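S.K.: This is what each chain is made of:
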Amino acid sequence: MSAGLRERALAAASDVVDPEIPALTIADLGVLRAVRLAGDTVEIEITPTYSGCPAMRVIETEIEAALRAAGIDKFRIATVLSPAWTTDWLSEEGRRKLAEYGIAPPAGQASRRALFGAETVSCPRCGSAETERISEFGSTACKALYRCKRCAEPFDYFKCH
Amino acid sequence: MAPLFDYTLRLADSALILGHRLSEWLGHAPLLEEDLALGNIALDLIGEARALYAYAGTVEGQGRDEDALAYKRDAGQFRNLLLVEQPNGDFAVTITRQLLYSAFAHPFWRALAQSRDATLAAIAAKAEKESAYHLRHAGEWLIRLGDGTAESHGSAQRALDALWPYAGELFETDAVEAALIAEGIAVDPAALRPDWERTVQAILAEATLAAPAGTWMQSGGRSGRHSEHLGHLLASMQFLQRAYPGASW
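Taken in sequence, the protein lines are chains A and B. Numbering of the first sequence is given in the numbering used here, commencing with residue 87 and proceeding in unit increments. Numbering of the second sequence is given in the numbering used here, commencing with residue 34 and proceeding in unit increments.
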C-alpha cells in the first residue's frame, strides 16, 4: 500500500498546472520541490517563483484537490523558500512547452551576467533573434514584454531569474 | 523587545510601505507597461513583507500573524524608513524614490543572504534577485527622464532634491542592530554605502542630474518618528481591518 502511495502522490501533484501558464505543470516549473512520506502522511514541498507570486495559494488548493481525487487524504503541504527558485530548474520539457505556447523560454543560466548583460531573446513565433524589450515587467511577475523586429509580433519572455 | 523581532519588523515595514505606495499607481500610471511594472514591483515587495512579518510573528511568539502586524499597529509603531513613506508625487518622484531604495536594497539583500539566521537568509536570497530587476527598471527610467526633455529633466532634479535628505537613514544603525551585526545575523548598512554611492552616482551622471551637496539628513523611522504621510497611508491601507476586525475571505 505505502509503496505505491508516494508514487501516486507524486503523479497527482506533478500534474497540477500553473494557473497563469497552464501549458506548464508545477513539476516542469520546478515549483514542486519534494514529495515524500512521513509514516502514512504525504509531505509536499513547494517553492514560490517570486516572493509575491499570487498563484501560490491557487497551486496549493489544486494540489490538495489532486491528492484527494487520487484518494489521498493524509497530507501536509509546506512552502519552502530555500534554496531560492531559479529558472535553471525549468525542465527541458518545460522550456519546449513554453516556446510552443508562445512564451520565449529564459535565455541561458540565471547568472548576474544574464541579469545585467545583453540577453539574446528569440521570437517564439518566427525564431528571429532580432527582438527588443518593451518592458521589464509583463502580465505576471515571471515575464517581461518583448517585440520581434522581424515578424513584428509582441510576445512574453520568461525572465531569467 | 527582542532585537531579532525588531530587526525583522523594520525590514518588513519598509517593504510593505513601499509596496503599498507603488500599488497606489494601479490604474494611474503614465503607460500601460508602467502600470504593469509598478504593480509587479509592488507585488514583489508585499511578498517580501509577508514572509518577513510571518517570521517576525514566529520570533515574537505572541501569536501575532502577518495580518496583525500589518493592519493592527499605528503609525508610531511602524519602523520603516522615512524614504519609503514619502508620497508618490509625479512619476519622477516615484522613480527617484525607487532608485534610492533599490540601489541600497540590492546589495543589502545580497549581504543578508549570508546571514547566520537561516530564515532571513532564505528570504533575502529571493528578494535579492527581485531587487536586481527593480534597480534596473528605476535606473533606466531615471536616465530617460533626466536626460530627456527640459521638462522631464526639471521634474527629475526636483524629485532628487526633495528625496535626497531621506537617503542618509538607509545607512544608520542603532543598538538593536549593532548586537545582531556582531553576531553575523544583521548586515552593517554603513558597509554598503560605497556600493550605493557608485550605483547612484553612475546613474545620475548618465541622467545629467546632480545630487544636492551638503544636505542635512532626516531620520526617525527606525524609532517610530514618522512624517505625517504615514498616518494617511495607514488610514487607507488598514481601513478594512479597523472597520471589520478579523474580516477574511
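If you are wondering where the hints come from, they were derived from the structure by calculation, not from laboratory data. In this text, all values refer to a predicted model and were calculated from it rather than measured experimentally. Treat the hints loosely; a few may be bogus.
Computed Cβ-Cβ distance ranges for the label pairs, DEER-style [as the list claims (entries may be wrong)]:
no., chain 1, residue 1, chain 2, residue 2, range
1, A, ARG211, B, GLU239, 41 to 49 Å
2, A, SER225, B, ARG177, 21 to 29 Å
3, B, LEU273, A, VAL166, 29 to 37 Å
4, B, ARG149, A, GLY90, 51 to 59 Å
5, B, ARG231, A, SER214, 42 to 50 Å
6, B, ALA235, A, GLU93, 38 to 46 Å
7, B, PHE272, A, ALA164, 45 to 53 Å
8, B, ARG149, A, ARG236, 30 to 38 Å
9, B, ALA246, A, GLU150, 54 to 62 Å
10, B, LEU273, A, ALA164, 42 to 50 Å
11, A, ALA215, B, GLY253, 46 to 54 Å
12, A, ALA215, B, THR241, 13 to 21 Å
13, A, SER225, B, ALA224, 33 to 41 Å
Beta carbons are placed, not taken as given, at the ideal position from N, Cα and C, and that holds for glycine.
S.K.: Go through the numbered hints given earlier and state which of them the structure violates, listing their numbers in rising order.
M.R.: Hint check: 1, 4, 5, 6, 7, 8, 10, 12 fail, others pass.
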